[in-house]
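Residues per chain are reported as follows:
2 protein chains.
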Amino acid sequence: MTESPLGQRAGREPAPTGVSGASLNGQAGAPGSPLGLHRVLEPAGVLPQAAWRLDARPAIWPDEVRITVERLNLDAASFRQLHEANDGHPDRIRTSVLEIVRTRGKMQNPVTGSGGMLTGVVDEIGPDSPLGLCAGDKIATLVSLSLTPLVITDALVRWDGRSEQVPCTGHAILFGRSIAARLPDDMTAELALSVMDVCGAPALTHRVVSARQGERPTVAIIGAAGKSGSLSAAAARRAGAATVVGVVPHDAEASILRAAKAGDGECGLVDHVVIADARDPVGVSSAIQRAAGGPADVTVVCVDVPGCEGGAILATAQGGTVIFFSMATSFTAAALGAEGVAADVTMLVGNGYVPGHAELAMDLIRTEPGVRGMFQRRITDHQE
Amino acid sequence: MTESPLGQRAGREPAPTGVSGASLNGQAGAPGSPLGLHRVLEPAGVLPQAAWRLDARPAIWPDEVRITVERLNLDAASFRQLHEANDGHPDRIRTSVLEIVRTRGKMQNPVTGSGGMLTGVVDEIGPDSPLGLCAGDKIATLVSLSLTPLVITDALVRWDGRSEQVPCTGHAILFGRSIAARLPDDMTAELALSVMDVCGAPALTHRVVSARQGERPTVAIIGAAGKSGSLSAAAARRAGAATVVGVVPHDAEASILRAAKAGDGECGLVDHVVIADARDPVGVSSAIQRAAGGPADVTVVCVDVPGCEGGAILATAQGGTVIFFSMATSFTAAALGAEGVAADVTMLVGNGYVPGHAELAMDLIRTEPGVRGMFQRRITDHQE
Numbered sequence: 001m002t003e004s005p006l007g008q009r010a011g012r013e014p015a016p017t018g019v020s021g022a023s024l025n026g027q028a029g030a031p032g033s034p035l036g037l038h039r040v041l042e043p044a045g046v047l048p049q050a051a052w053r054l055d056a057r058p059a060i061w062p063d064e065v066r067i068t069v070e071r072l073n074l075d076a077a078s079f080r081q082l083h084e085a086n087d088g089h090p091d092r093i094r095t096s097v098l099e100i101v102r103t104r105g106k107m108q109n110p111v112t113g114s115g116g117m118l119t120g121v122v123d124e125i126g127p128d129s130p131l132g133l134c135a136g137d138k139i140a141t142l143v144s145l146s147l148t149p150l151v152i153t154d155a156l157v158r159w160d161g162r163s164e165q166v167p168c169t170g171h172a173i174l175f176g177r178s179i180a181a182r183l184p185d186d187m188t189a190e191l192a193l194s195v196m197d198v199c200g201a202p203a204l205t206h207r208v209v210s211a212r213q214g215e216r217p218t219v220a221i222i223g224a225a226g227k228s229g230s231l232s233a234a235a236a237r238r239a240g241a242a243t244v245v246g247v248v249p250h251d252a253e254a255s256i257l258r259a260a261k262a263g264d265g266e267c268g269l270v271d272h273v274v275i276a277d278a279r280d281p282v283g284v285s286s287a288i289q290r291a292a293g294g295p296a297d298v299t300v301v302c303v304d305v306p307g308c309e310g311g312a313i314l315a316t317a318q319g320g321t322v323i324f325f326s327m328a329t330s331f332t333a334a335a336l337g338a339e340g341v342a343a344d345v346t347m348l349v350g351n352g353y354v355p356g357h358a359e360l361a362m363d364l365i366r367t368e369p370g371v372r373g374m375f376q377r378r379i380t381d382h383q384e
Numbered sequence: 385m386t387e388s389p390l391g392q393r394a395g396r397e398p399a400p401t402g403v404s405g406a407s408l409n410g411q412a413g414a415p416g417s418p419l420g421l422h423r424v425l426e427p428a429g430v431l432p433q434a435a436w437r438l439d440a441r442p443a444i445w446p447d448e449v450r451i452t453v454e455r456l457n458l459d460a461a462s463f464r465q466l467h468e469a470n471d472g473h474p475d476r477i478r479t480s481v482l483e484i485v486r487t488r489g490k491m492q493n494p495v496t497g498s499g500g501m502l503t504g505v506v507d508e509i510g511p512d513s514p515l516g517l518c519a520g521d522k523i524a525t526l527v528s529l530s531l532t533p534l535v536i537t538d539a540l541v542r543w544d545g546r547s548e549q550v551p552c553t554g555h556a557i558l559f560g561r562s563i564a565a566r567l568p569d570d571m572t573a574e575l576a577l578s579v580m581d582v583c584g585a586p587a588l589t590h591r592v593v594s595a596r597q598g599e600r601p602t603v604a605i606i607g608a609a610g611k612s613g614s615l616s617a618a619a620a621r622r623a624g625a626a627t628v629v630g631v632v633p634h635d636a637e638a639s640i641l642r643a644a645k646a647g648d649g650e651c652g653l654v655d656h657v658v659i660a661d662a663r664d665p666v667g668v669s670s671a672i673q674r675a676a677g678g679p680a681d682v683t684v685v686c687v688d689v690p691g692c693e694g695g696a697i698l699a700t701a702q703g704g705t706v707i708f709f710s711m712a713t714s715f716t717a718a719a720l721g722a723e724g725v726a727a728d729v730t731m732l733v734g735n736g737y738v739p740g741h742a743e744l745a746m747d748l749i750r751t752e753p754g755v756r757g758m759f760q761r762r763i764t765d766h767q768e
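Protein chains in written order, with my numbering: chain A, 1 to 384; chain B, 385 to 768.
Pair by pair, the computed Cβ-Cβ distance ranges are: (1) D128/A <-> G703/B: 23 to 29 angstroms; (2) G677/B <-> I275/A: 53 to 59 angstroms; (3) D475/B <-> Q213/A: 58 to 64 angstroms; (4) D512/B <-> G294/A: 21 to 27 angstroms; (5) N470/B <-> A155/A: 43 to 49 angstroms; (6) E99/A <-> R566/B: 57 to 63 angstroms; (7) D475/B <-> V111/A: 34 to 40 angstroms; (8) P127/A <-> P753/B: 55 to 61 angstroms; (9) V111/A <-> T764/B: 41 to 47 angstroms; (10) I275/A <-> T572/B: 49 to 55 angstroms; (11) V111/A <-> A519/B: 47 to 53 angstroms; (12) T103/A <-> D471/B: 28 to 34 angstroms; (13) G677/B <-> T95/A: 48 to 54 angstroms.
Covered stretches of chain B, as calculated for chain A (at least 3 residues, CB under 8 angstroms): (14) 430-441; (15) 492-499; (16) 555-568; (17) 709-718; (18) 727-739.
Calculated from the structure, these hints are not laboratory results. Predicted, not measured: the structure shown is a model, and the values here were computed from it. C-beta atoms are modelled at their ideal positions from N, C-alpha and C, and glycine is treated no differently.
Produce the entire structure from the sequences given, and follow the hints as far as they go.
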């Protein structure tokens, strides 16, 4: 898979096939780059994620897939920034999103750099697409909107501008090396999208905790009542965590988390719920250590606010691991923060892609009613 | 070690002992926080690294050590920023550094967030210091200047403002949980400081490559002719790398790297030298794969320029590891970059602290004349 983008570098401007399979520019059959390099307009030579502007025209290259978009799910950090920059005015937030997509050819927040994901229906499949999709499939994209060519055609008239779930009409393009998952039949598209949006977190948490399984590790989840946090807590338990500590910012989230049962109905989703400000290093690490009787072996950061690096590091045992999933993480603060307190901790950049991540998250949401309840409540709250 | 900061939280304003051991405020003997929380002036409650301003007064708390400073070594990203912001004017750069230290009580570049390190002589040791130092020891601090209380008293008159090595008179404070290393007798302080400044990189590279030893891994070092890069290349070889690829930006560095021999004098420090722009993802990954005959199992990023995340990810095999040591790394670009190309790679935030890091780096510099030569040349170039 790593070979193909290189072999195709000579063909940096391959030809799209037409919307109905006809060639647009007479070079029908020239392969696109599986990485989507042929869609990058500026600056030249960068990957689509780093590009300022993409070519989002609907005609597809032979290994591409065009999706009729039904819904966008903006990532939490991006929506928060848009909300704050526009003083919460729905009309201004809507205008901002439309303007970003119009000028950039993708929904990548220029301040946070982040995107989100989308659901839709497969419209046309290039003859060389390796994704295994069929026309008419209802899917969610598992690559970020920050690199997905996108055109919005309905001016977002159905979106109230009040939540990150954006009903939307338009089209999007998947590359050869993109990832998409069929939406399951046993839940709403809204719930499935909401789960798949964060499915990298439980998958990586599961992998890291599994690797320490014999040690009966203590796992701390900072932001455990959130989407990625609740799924990661369930994944940690399934991977063999002996103790799971859930950190939340206030009483309301603590009540929700305490009420959430684990899949077996016997115990809670987490063993200990602690209330602490994740930005207060001594406060949060002290609270975790009091609850668990010692530092965490694995600490998972799932809260999208800046300044949580120090607390996560201090809460973690020497030889332990911190997984940063928050897009508000500062690389420098993490690197220097650990050095500054002589903390021998492994710090992972939360990669949104782990093989099998969508399947694991879907399985967790089906078997963990506590987690499903928290997701459902979040969706219902937005509709009220 | 993780227990002590918490137990002492109640004593947030312990008393310093006087410069000559006398109490300054009548609370002699009250312990300081080993994390240095008692030195944080604003904002309250954060760790010294995150603080805007520290109390850098010379009187020490019982577990602190005061150092008479001889030399600062600004980190590369910080010096580059200062150089660019001041159009390279030495006087303006000097004024900037003095102003930062005067207002913040530490040398932390407000733009990059980074610091550097220092050398000096142990002046006074608190009775409860756990660091094992003796008065008169010549040492280097291995915690960042970004959290070290510092006062400069000579207006930096001996610094030409042209390199990150800053001759300096003043004092600095080490906390209970700081790290310092005695300077060796068999090399200049300048060389030792220059090595210790980056000693986390070879130590973590060694650990990661050792863990894959049986697989005869391919290791790519991006920025292999630099300080952390050349040490990491030597560490990778020692840890069992089968093939080491060194990436450099231009011919001049390529010549230097090609001329560097490995410790045994038999082969080169690296097996393949490739010239590529680390910010060009397809270019750099293609060059590495051509040289090594396939992707790298471990890729180490040691160049302090933004935009190197995509190339490092693309150059790395599925299941491989990328270690980011550059302070110019963007967390978001790394996280979304990997997801965007469906790269199942483990991404590590380069932690500057790994137990035994100074010893390993010193051993490498003594036994690898090729690496030592590159360090020596860098120091000589700065003196010309």
